[in-house]
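Colleague: So the chains spell out like this:
Number of protein chains: 2
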Amino acid sequence: MPGRQGKLYVVGIGPGSNHLLTPQARAALERSHTVAGYRAYLELIPGLLTSKEVLASGMMQEVARAKAAIEVAASGKVVSVISSGDPGVYGMAGLVYEVLKEKGWQREGGMEVEVVPGIAALNAAAALLGAPLMHDFAAISLSDLLTPWEIIARRIDLAAQADFVIGLYNPRSRRRVGELDQACQILSRYRSAATPVGMVRCAFREEQRVVVTDLKHLPEQDVDMLTVVIVGNSSTFSFEGLMVTPRGYGEKYDLASPG
Amino acid sequence: MPGRQGKLYVVGIGPGSNHLLTPQARAALERSHTVAGYRAYLELIPGLLTSKEVLASGMMQEVARAKAAIEVAASGKVVSVISSGDPGVYGMAGLVYEVLKEKGWQREGGMEVEVVPGIAALNAAAALLGAPLMHDFAAISLSDLLTPWEIIARRIDLAAQADFVIGLYNPRSRRRVGELDQACQILSRYRSAATPVGMVRCAFREEQRVVVTDLKHLPEQDVDMLTVVIVGNSSTFSFEGLMVTPRGYGEKYDLASPG
Numbered sequence: 235m236p237g238r239q240g241k242l243y244v245v246g247i248g249p250g251s252n253h254l255l256t257p258q259a260r261a262a263l264e265r266s267h268t269v270a271g272y273r274a275y276l277e278l279i280p281g282l283l284t285s286k287e288v289l290a291s292g293m294m295q296e297v298a299r300a301k302a303a304i305e306v307a308a309s310g311k312v313v314s315v316i317s318s319g320d321p322g323v324y325g326m327a328g329l330v331y332e333v334l335k336e337k338g339w340q341r342e343g344g345m346e347v348e349v350v351p352g353i354a355a356l357n358a359a360a361a362l363l364g365a366p367l368m369h370d371f372a373a374i375s376l377s378d379l380l381t382p383w384e385i386i387a388r389r390i391d392l393a394a395q396a397d398f399v400i401g402l403y404n405p406r407s408r409r410r411v412g413e414l415d416q417a418c419q420i421l422s423r424y425r426s427a428a429t430p431v432g433m434v435r436c437a438f439r440e441e442q443r444v445v446v447t448d449l450k451h452l453p454e455q456d457v458d459m460l461t462v463v464i465v466g467n468s469s470t471f472s473f474e475g476l477m478v479t480p481r482g483y484g485e486k487y488d489l490a491s492p493g
Numbered sequence: 235m236p237g238r239q240g241k242l243y244v245v246g247i248g249p250g251s252n253h254l255l256t257p258q259a260r261a262a263l264e265r266s267h268t269v270a271g272y273r274a275y276l277e278l279i280p281g282l283l284t285s286k287e288v289l290a291s292g293m294m295q296e297v298a299r300a301k302a303a304i305e306v307a308a309s310g311k312v313v314s315v316i317s318s319g320d321p322g323v324y325g326m327a328g329l330v331y332e333v334l335k336e337k338g339w340q341r342e343g344g345m346e347v348e349v350v351p352g353i354a355a356l357n358a359a360a361a362l363l364g365a366p367l368m369h370d371f372a373a374i375s376l377s378d379l380l381t382p383w384e385i386i387a388r389r390i391d392l393a394a395q396a397d398f399v400i401g402l403y404n405p406r407s408r409r410r411v412g413e414l415d416q417a418c419q420i421l422s423r424y425r426s427a428a429t430p431v432g433m434v435r436c437a438f439r440e441e442q443r444v445v446v447t448d449l450k451h452l453p454e455q456d457v458d459m460l461t462v463v464i465v466g467n468s469s470t471f472s473f474e475g476l477m478v479t480p481r482g483y484g485e486k487y488d489l490a491s492p493g
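Line by line, the protein sequences give chains L and H.
Counting from 1, position 14 in the first sequence corresponds to residue 248 in my numbering; the numbering is continuous, with no gaps.
Counting from 1, position 64 in the second sequence corresponds to residue 298 in my numbering; the numbering is continuous, with no gaps.
None of these hints come from the bench; they were simulated from the model.
Honestly, I wouldn't trust all of these hints.
[To be verified] Pairs of lysine-lysine, BS3-like flavour, derived with a Cα cap of 27 Å:
no., chain 1, residue 1, chain 2, residue 2
1, L, LYS486, H, LYS337
2, L, LYS286, L, LYS311
3, H, LYS286, H, LYS311
4, H, LYS450, H, LYS486
5, H, LYS337, H, LYS241
6, H, LYS311, H, LYS241
7, H, LYS337, H, LYS311
8, L, LYS450, L, LYS335
9, L, LYS337, L, LYS241
10, L, LYS450, H, LYS335
11, L, LYS286, L, LYS241
12, L, LYS486, L, LYS450
13, L, LYS486, H, LYS335
14, H, LYS486, L, LYS337
15, L, LYS337, L, LYS486
16, H, LYS241, L, LYS335
17, H, LYS450, H, LYS335
18, L, LYS335, H, LYS486
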């Protein structure tokens, strides 16, 4: 009964400011009967939840949340599962598809599924820090809940060798306090102590905090799960409280001369 | 005369669909007297250019464009420099700051500069492909205009060793036809021929094209400068024409059982 099928949106709400919520995300939420999400993220969009069924759940309840949202959509409703930032970057998109696969979902004839991209935390942080991501970069999560630390450490090592700008997600939690220090030790094998490092917490929200420091002073910084850390590459420079990674124009063009 | 200072926005317009243009980007453009950009990107936002001064320039005119925009803003006007996607990812944000630095710009007392993040091409492509970026990833541009090929090749090699999902920007141009083949050869040292690979051109626009293939068949694909290529990691699987990189929930949780 394809007519009875609902629709499942996986919606990126961006950093949490209404000004950075895309019209497409807003439209998906407005069309939805049911909105499912981590409680703290739902609190970022109170105006969009009026007279909807809301499935709020805690951290680490992602599997139950994905299953519940799929079940409601299968009953014929329009459902949005939300992620902060981009649902495709450490968000809910992958898990939703994994559960759908286990349930034998087929794209043709099955319920409609649509991922609505959002501005990722890494990109939001970069905009506030200046322009740190202007050259090749890597994103690494320091959370070892689902990935063994050995793999994470190896990725940091190889990314540092490759001279990637490195974005660190989930740098420290109440439970995990040592990983960021270990990451700094690995990075220090390849990058100077003066390498610019930026930290952004709650980008584009009232409680926003933006700090530019350097690799030497990173371990002592106040960072948590809501902080994104960006470590510059060997060319990144800081100036005026910003960090900028040159793309290479300065070596080919005269940037100082009048246009 | 700080009162005479203009304001310079560096605005990410996202993939080019109005539905993915954030309210913040729209507001910046509406406030601007002057909008500067690569001609093909300006054509994506015709409705926002009415009765504005438009500084359209060609590809590879980025330096002249940045200088012109800064000059107009210094004369007291509000100016937006646009990038497609996110201006902080291979976009105009870095160059604008580099030129400002050369000109001795100071954040305090100097003209106001604001980067408005946009949905990056990589994130837009990922949303259409399923969920390929769900684990640690690297973004690499294959353009050797400003970066020697040896550095690019080394980054591909180390990223492949690290088992990053890899997003390739600028995979092939009319002038550069061999780099993608070389990239495939490097990747093939570490990844199986069956590794899922996605290609997206003109995401969320009328001419959108989405293809999922595998590493073996990547070299023969029709890709150009407007295509983003995403190469899966060793766990990425394809199903129903999508590609999904598991985060690791399947090893800890039963995804098939009812919620």
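Colleague: Each hint needs a verdict: does it hold in this structure or not?
Modeller: For each hint, the structure was consulted:
Taken as a hint, the L/LYS486 and H/LYS337 pair is honoured in the structure, with Cα atoms around 17 Å apart against an allowance of 27 Å. Of the pairs offered as hints, the one joining L/LYS286 and L/LYS311 holds, with about 11 Å between alpha carbons and a cut-off of 27 Å not exceeded. Restraint check for H/LYS286 and H/LYS311: satisfied, since their Cα atoms lie roughly 11 Å apart, inside the 27 Å limit. With a CA separation close to 32 Å, the supplied pair H/LYS450 and H/LYS486 exceeds the 27 Å bound.
For the given pair, H/LYS337 sits about 16 Å from H/LYS241 by alpha-carbon distance, which is consistent with the 27 Å threshold. For the hint linking H/LYS311 to H/LYS241, the alpha-carbon distance of about 7 Å falls within 27 Å, and the restraint holds. With a C-alpha separation of about 18 Å, the suggested pairing of H/LYS337 with H/LYS311 holds against the 27 Å cut-off. Distance restraint check for L/LYS450 and L/LYS335: the Cα-Cα separation of roughly 45 Å exceeds the 27 Å cut-off, and the hinted pair is therefore not satisfied.
In summary, the hint linking L/LYS337 to L/LYS241 is supported, as the alpha carbons are separated by about 16 Å, within the 27 Å threshold. Straight-line distance between C-alpha atoms of L/LYS450 and H/LYS335 comes to about 24 Å, which keeps the hinted pair within the 27 Å bound. With a C-alpha separation of about 15 Å, the suggested pair L/LYS286 and L/LYS241 falls inside the 27 Å cut-off, and the hint holds. A C-alpha spacing of about 32 Å is found between L/LYS486 and L/LYS450, which places the hinted pair above 27 Å, so the restraint is violated.
As the CA atoms of L/LYS486 and H/LYS335 are separated by approximately 16 Å, the hinted pair is consistent with the 27 Å bound. For a cut-off of 27 Å, the pair hint linking H/LYS486 to L/LYS337 stands: about 17 Å separates their Cα positions. For the suggested pair L/LYS337 and L/LYS486, the alpha carbons sit about 55 Å apart, so the restraint of at most 27 Å is broken. Pair hint H/LYS241 plus L/LYS335 does not hold up; C-alpha atoms about 50 Å apart against a cutoff of 27 Å.
Restraint check for H/LYS450 and H/LYS335: the C-alpha separation of about 45 Å exceeds 27 Å, so the hint is violated. Pair hint L/LYS335 plus H/LYS486 holds up; C-alpha atoms about 16 Å apart against a cutoff of 27 Å.
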